[in-house]
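K.L.:
Chain by chain, the residues:
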Amino acid sequence: MLEPIWQPLAQVAKELDAGRLSSVELTTQVLHHIEATEPKIHSFLTLTPETALEEARAADERRARGERGPLLGVPIAVKDVILTKGVRTTAASRILENFVAPYDATVIRRLREAGAVFLGKLNCDEFAMGSSTENSAFGPTYNPWNLQRVPGGSSGGSAAAVAAGQCFAALGTDTGGSIRQPAACCGIVGVKPSYGRVSRYGLIAYASSFDQIGPMARTVADCALVLEIIAGRDPRDATSAAQPVPRYSAELERPLRGLRLALPQECFGEGVQAEVRDAVLSAVRWFESQGVAVVETSLPHSRYAVPTYYLVATAEASSNLARYDGVRFGLRLAEEAGLLTMYGRTRASGFGAEVKRRIMLGTYALSAGYYDAYYLKALKVRTLVRRDFEAAFTRADVVAMPTAPTTAFRLGEKTGDPLQMYLSDIFTIAANLAGLPALSLPCGFDQEGLPIGLQLVGRPFQEAQLLAAAHAYEQAHPWKSQHPSL
Amino acid sequence: MEKPTSVAVRKMDYEAIIGLEVHAELLTASKMFCGCSAKFGAPPNQNTCPVCLGLPGALPVLNRRAVEFAIRAGLATNCRIELFSRWARKNYFYPDLPKGYQISQYELPICVGGWLTLDTEEGEKRIRLARIHMEEDTGKNIHDAQVDASLVDFNRSGVPLLEIVSEPDMRTPQEASAYLRKLRQILQYLEICDGNMEEGSFRCDANVSVRPRGSEALGTKVEIKNMNSFRHVERAIEFEIGRQVRALREGEPLVQETRLWDPEREVTRSMRTKEYAHDYRYFPEPDLPPVRLNREWIEAIRQSLPELPDARRSRFVQQYGLPAYDAEVLTSRRDLADYFEAVVASGASPKAASNWVMGDILRVVRERELDRHLRIDQWPVAPNFLAQLIQLIESGTISGKIGKTVFARMLETNRAPEEIVRTEGLVQITDEGALLSEIQQVLAENPDKVAQYRSGKEKLFGFFVGQVMKRTAGKANPQKVNELLRSLLESS
Chain A
1 MLEPIWQPLA
11 QVAKELDAGR
21 LSSVELTTQV
31 LHHIEATEPK
41 IHSFLTLTPE
51 TALEEARAAD
61 ERRARGERGP
71 LLGVPIAVKD
81 VILTKGVRTT
91 AASRILENFV
101 APYDATVIRR
111 LREAGAVFLG
121 KLNCDEFAMG
131 SSTENSAFGP
141 TYNPWNLQRV
151 PGGSSGGSAA
161 AVAAGQCFAA
171 LGTDTGGSIR
181 QPAACCGIVG
191 VKPSYGRVSR
201 YGLIAYASSF
211 DQIGPMARTV
221 ADCALVLEII
231 AGRDPRDATS
241 AAQPVPRYSA
251 ELERPLRGLR
261 LALPQECFGE
271 GVQAEVRDAV
281 LSAVRWFESQ
291 GVAVVETSLP
301 HSRYAVPTYY
311 LVATAEASSN
321 LARYDGVRFG
331 LRLAEEAGLL
341 TMYGRTRASG
351 FGAEVKRRIM
361 LGTYALSAGY
371 YDAYYLKALK
381 VRTLVRRDFE
391 AAFTRADVVA
401 MPTAPTTAFR
411 LGEKTGDPLQ
421 MYLSDIFTIA
431 ANLAGLPALS
441 LPCGFDQEGL
451 PIGLQLVGRP
461 FQEAQLLAAA
471 HAYEQAHPWK
481 SQHPSL
Chain B
1 MEKPTSVAVR
11 KMDYEAIIGL
21 EVHAELLTAS
31 KMFCGCSAKF
41 GAPPNQNTCP
51 VCLGLPGALP
61 VLNRRAVEFA
71 IRAGLATNCR
81 IELFSRWARK
91 NYFYPDLPKG
101 YQISQYELPI
111 CVGGWLTLDT
121 EEGEKRIRLA
131 RIHMEEDTGK
141 NIHDAQVDAS
151 LVDFNRSGVP
161 LLEIVSEPDM
171 RTPQEASAYL
181 RKLRQILQYL
191 EICDGNMEEG
201 SFRCDANVSV
211 RPRGSEALGT
221 KVEIKNMNSF
231 RHVERAIEFE
241 IGRQVRALRE
251 GEPLVQETRL
261 WDPEREVTRS
271 MRTKEYAHDY
281 RYFPEPDLPP
291 VRLNREWIEA
301 IRQSLPELPD
311 ARRSRFVQQY
321 GLPAYDAEVL
331 TSRRDLADYF
341 EAVVASGASP
351 KAASNWVMGD
361 ILRVVREREL
371 DRHLRIDQWP
381 VAPNFLAQLI
391 QLIESGTISG
401 KIGKTVFARM
411 LETNRAPEEI
421 VRTEGLVQIT
431 DEGALLSEIQ
441 QVLAENPDKV
451 AQYRSGKEKL
461 FGFFVGQVMK
471 RTAGKANPQK
481 VNELLRSLLE
491 SS
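For the record, the sequence lines run as chains A and B. Counting in this note's numbering, the first sequence runs from 1 upward without gaps. Counting in this note's numbering, the second sequence runs from 1 upward without gaps.
Okay, chain B solo, but in the shape it has when bound (with noise of 0.2 Å):
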């Protein structure tokens, strides 16, 4: 079992070199080449037609929405956007590629060129882009023990893919994550890919060097595959570090290859050598005439781009006065930045939503592990009634804590809270009169316990609201009843 050398020692005799490679699908309605559905989770082999089977004699004829996708990922990203650009075969055998090859883009891919930015400790640090290219997505193989035979579900097959290919700029595990997220946050704003590590819906290779801090010479590249969440590319990589820059340090060879990340062991594996890579014999694709774009139709895209996430969270310092940190969680998903503005929009003060929805909606969110993208009207909470709420606590009608009360019954019944305060009875008690006769009952029901907090035992205070919040069913109002019972322990 190999093991990574200590971070500390390595840092200062080592530096990393990072590329990573996307796979992005997209939220086409249907397939790259054909008209069958692009969603995920039919039955299996229900979205396939001799197009995405690979049938003789079938042909493909290309998706126009994923080359307006591409162009969107490749626009909010800086790149180049090419003209001309060509599809070709990527030849390979295996069972989940049905034609034998996959239709990609090599030679003359749509992006070219680009950049995006990430916050470091050091400051921002701008990552740059190769290439963004197109590609179908293959098949899923299943190995089912139970009827001893492998399987194959071919409803991906054809589910139109970007591929989104860094140059190696990335020094840390750390920034590798943070490149990560920027670039899913980025297209799930476009709407274009939801972003789902697990489903695979959004995967990276990672191609990691290491080379002594000073020296500007490469050294041996490694492929790791396999990582499927933000947290295992992150290992991945801290592991690969520490694996290369320990047989540097021990003069082992290292050899060019694909490694595999074990998520169990917590290590990389080597899958295939450079003797045993694949010769893809790319050429171009005859099928498909080559892609041309016209000026005006990359314009009008990029007219129709969405504010995207550096632009969203200034706004959200500037225009609603929130604390960097506050915007910076509120734009992380742009249906959550959405919502939030859409609760704002509907009379909530923005400190006050900014709370509610970093505590309380994120938690529900959390819980129900909603991560796909929602719709305004996916939320637990409508931003409406969030709003209201918000509004019900600043008016002082019901209490903070009344509040979180009415919060998870909105959340079981999708009521108003209005109408929640109101059919429950939760309106706050503020009366005076009311409460005073609460709070003197409280009194002459425990007159010893009166009786030690005169003579100095003041930490009973906290008793007796306990008591007169029990009696109102916590609809009292905190700070009157402080006011009172104070009032009335030191007068008589």
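Here chain A stands alone, though its shape is the one from the complex (with noise of 0.2 Å):
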């Protein structure tokens, strides 16, 4: 038997309908283990212990009225980016430092509805820009397998919180990889809903046309569990979409047989590490094993996803971040030294550097006389990319490549080189670009003991297929009940 803590959400919910463990004794216990692990592992930026057991106990009340569901007093935690009202909500970000959220997420009062306790804020990359979590503004988050490894960014907290049992699961969000190249650094499955999904009311933004809150946890049906809970349409996001929310958690057996698996070949050559390619190639082979049709397949504009997703995403980052001016709310410095030098000097001291070159970015390519060359350009470009993937899919179901070329680097690695961070991503942004629903699975770890990640990536709103599709293979592999020891 598990320790609770590192039951899977499902299998704790029935200890608690059981009444073999209530939520106040589970919350505790999360509690006692993020105090052991929190000072190697830096996950949390706000812990809310007290709220925290007062949800545990209202959990505690709703079930002994009768009221069941797998989230009704499980412990989860919250990306930093996604608002949670009367709590803190920084964006790893100086400029947010002590802004506390006057309203919930859509997201955050769906999971208050199924009764879910909330422990914290977890860290991140400020504005959720980054792929290491370095970019925080209070300070990096560490990687349980590996404490001298990053954990993936942006979502890098949530992802380490839930490797290292610290909740059983979190929200992430993922621009342009921000939820499953973390999830394949840490070890766990990270699911990216399609564009429209989930409804980004209350998320701060980031780049509106990509952001998208998905879950991150220990096991695909985990995953599944939250996912319906969040997904849906909300009159609040007028790009959240209206199509229904199947019940993920019950379509997870779906056979294998007749699936279509894509290859693209230009996930598989210069600049892989050997053992990504050589785990991700021998979980397809798993796939065929079970009567999977795998195909090859091309995604020739997928080259060009990088540079795009830098020109579109930052264009949209120059606007979002415009509204952090040291007027209604947040930082303000310089009040006194009139309007431009209060700007300025908010600005300045209130972002980090990552944050200032996304945004000097878009800015420059959003001006008169760069537009054309530079943000229309790469809207066509993302077209082509949604195309290619279109293209793939009349020949398969499922179009699967690693999630990350390499497995987690080291704390300092690439700080100092912006573009090779940025590659870290190079697998993760076409389905932003596209818009398409995909996820990570851990699929095997490389001779370090870092997991690897298998990155699938499905039709849109076909996110039914892509979990079923991870849920056989997570139930023959045991990469799932190995956990980091600490």
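Simulated from the structure, these hints should not be mistaken for laboratory data. Among these hints, one or two may not hold up.
[To be verified] What the simulated footprint calls covered on chain B by chain A, stretch by stretch (three residues with Cβ under 8 Å from a Cβ of chain A suffice, anywhere in the stretch; the number is not a length): (1) 58 to 70; (2) 83 to 93.
[To be verified] Okay, the calculated beta carbon distance ranges per label pair: (3) A/GLN447 to B/PRO290: 49 to 57 Å; (4) A/ARG332 to B/GLU124: 42 to 50 Å; (5) A/ARG357 to B/ASN141: 26 to 34 Å.
[As the list claims (entries may be wrong)] With a cut-off of at most 27 Å between alpha-carbon atoms, the simulated DSS-like pairs for lysine-lysine come out as follows: (6) B/LYS90 to A/LYS380; (7) B/LYS90 to A/LYS377; (8) B/LYS90 to A/LYS356; (9) B/LYS274 to B/LYS140; (10) B/LYS125 to B/LYS225.
Even glycine gets a Cβ: it sits at the ideal position worked out from N, Cα and C.
Put the two chains together into one complex, using the hints given.
P.N.:
As structure tokens, then:
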């Protein structure tokens, strides 16, 4: 029998239902575990133990009244770019260091209704801009599998917390790979839903046409349980989709037979760590052995994915981050020195280097005289990337590839070279450009014992199919039962 | 200080090219992208929420009613309504702009083309529209000397606006102001904008350039801002034309720039030149899907449009036999035209109703500054009461003069004119016996004046009339008094 804190969501809910464990007991155990592990990992920016215990008590009462649910009384945590009413929400930025959210994001409201217990807010790259969580204004998070390594990013705090048993599930956000890449780095499952599947209301915007909130957990089934709660149309988000939300957790046992898997040739060449390539190809061979048809495909425009992303996403970011001006909330400096000085000093001190770099890039891409050559051209390439996938999906149902070209790198290894850092997302960005659902799940370890991620990309709103395929693979492999020793 | 050259000289050699950009606040109940009230006049920052305050994480959701209003405006001004239009972000920093960008429309606006017609001295003139697009309003900065700080009120932030852009088809300040009046009148008829220039719900910027008469090339364009009345618009354009002509004559360079109208000194002053013009970095708004319209909805809106000012004016001439001038004045405001028609429908003769409405009613409207759109029950006098009053006069129950008294009492008391006439004993005295006895009394009390009159001092006739009126508190029927008095004075 596993310790409760390492149990899957569905399992721990059963324990709670059976009365063998109360949410208060469970939450207390988790809080102790956080206390013990947090000095090494630093996954949390804000811990809310008091309100967590209150929520746990409330959940126990709801259960005592006969209410049931997979998240009722289960401790989870949230990336600190999602607004949680009454709790500091910083986006890992000095500019929001003391910003207390005045309202709940739609996903938080839905999780509260489901009875989830909120432990606190998780570290990430500032405004979700980065691939290592080293861009947090409040210090990095360390990979639980190897404390010299980054947990990936930008949802590095979420991935590390889940991997370290600090919570049963976490919310991450994925703009260019920020759920999947840290999930791969930390050996957990992370799902980036189709664009529009999950409401963005209350998510601090980085790049609005890419951002999606998604679940991160130790098993595929746990992700499915969280996703079916947070997904669905939200009248407060005009880009949220009206498509009905299937019960993902009930569709996990779909048979693999008949599934067609495509391997894009571009994702197995130069720059990919040999162990990563081998692990992913070995996973593909397992699918083949289960009757899955495997075809080779090509995503010819994916080589432009990174530059395209860094034009469109930064353009949107330059506009989205204009509201941090010191006028209504957040940091304000030099107010006595006049408006322009206040703007300048507030933003110069409030934003970190990477955020400023992206604001400048995006501002440049949108400027008069450059718009057509950069922003507009990038939009056209974005369409071509989407068409590559559409072509691939005429012959296959799911595209498989590595989540990241390498396993988790060392802290400091890429901070001096933004372009190298950007290439960590080379395989994840295309799904964001195309708005497609994608997930990462563990498919082995390298020689250093660092987890490797397999990425599956599906057709729009075919999350159920991705989850079922991932679940089948997970059931046949031992990875999910391995935990980092801390 | 710059002085405009004389108009007379200027007119011969140069012509002005004028285009106007109008911002009209829409009368929707809620704001453009959130559920907050769009009403003017609430305590500062009361009508706000995370969306219109630009808080982190907040997202816009389109108000369908605002789109309907934009379509109404487009249809009423002969625009093409685009089935596909797009939102764009206009980026710039200012404290009253909470998100650091304004959600607007740029490349693909909702209405394109269109025109409206003006009556000018040379006959009808058509002014073309370039486009109408939707956008959100900003908040308002308040510079408070008492607290030595700038404060921001976000009640207006997110209120829906239409930006209506004309082609540069106007040639004189008078045409510009006529265009504005016409446009405002149409929006008011559509009940989508209250057209209040002082409160800023109807704002105008002007683009002005001049060129030698006969030239085809356009001169350097100057944008003028900060004109908040029709008069200011005329004066500012007038000044600007003079300034530009003078510069051209004297060979001074004109720069493309934005100038502010200073209503105190009646001059325009440079605000920023082209080098310092904003680069708004427009790009498609990723938080909102494009606006897709279906033809059925547009047709339904077309069917629901009210009778527009030009049509109503012609109908007033034909149906009520009014002079063109009366029809013009009465249809200048939709509520006024509605009121007039209600008075007529209550039984008043159209010409008498027109005289009262254009005279006494509009005087009270001016005195009480009732320049907002008035509902039929908000007029100083209820239409059926005014009709009653007119009928009382026309039937001879009261004199025209007493009519004015009754009208004044109606304003004070809101009572029906019949009731006022009855309870205050204001019925006209037409009974010959009663009048005769009053007249005889007057003659008896003034034997010397009677003698003077009879000896030729006929000017005294007015004195006798006045005395009779005084004795009857003005209620005597003046015609009857004249007849009887004359016959009495001349008979004996």
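K.L.:
Evaluate each hint against the coordinates.
P.N.:
Hints, one by one, checked against the model:
1. Here the region 58 to 70 of chain B counts 5 residues with a CB under 8 Å from a CB of chain A, which clears the bar of 3, and the coverage holds.
2. Check result for the region 83 to 93 of chain B against chain A: holds, 3 residues qualifying (beta carbon to beta carbon below 8 Å, three or more required).
3. A C-beta distance of roughly 51 Å is found between A/GLN447 and B/PRO290, which places it inside the suggested range of 49 to 57 Å.
4. Between A/ARG332 and B/GLU124, the C-beta spacing of about 57 Å breaks the proposed range 42 to 50 Å.
5. A/ARG357 and B/ASN141 have their C-beta atoms about 32 Å apart, which keeps the hinted 26 to 34 Å range intact.
6. Between B/LYS90 and A/LYS380 the CA atoms are separated by roughly 21 Å; this keeps the pair inside 27 Å, and the hint holds.
7. Distance restraint check for B/LYS90 and A/LYS377: the Cα-Cα separation of roughly 20 Å lies within the 27 Å cut-off, and the hinted pair is therefore satisfied.
8. For the hint linking B/LYS90 to A/LYS356, the alpha-carbon distance of about 20 Å falls within 27 Å, and the restraint holds.
9. With a C-alpha separation of about 25 Å, the suggested pair B/LYS274 and B/LYS140 falls inside the 27 Å cut-off, and the hint holds.
10. Between B/LYS125 and B/LYS225 the alpha-carbon distance is near 25 Å, which keeps this suggested pair within the 27 Å criterion.
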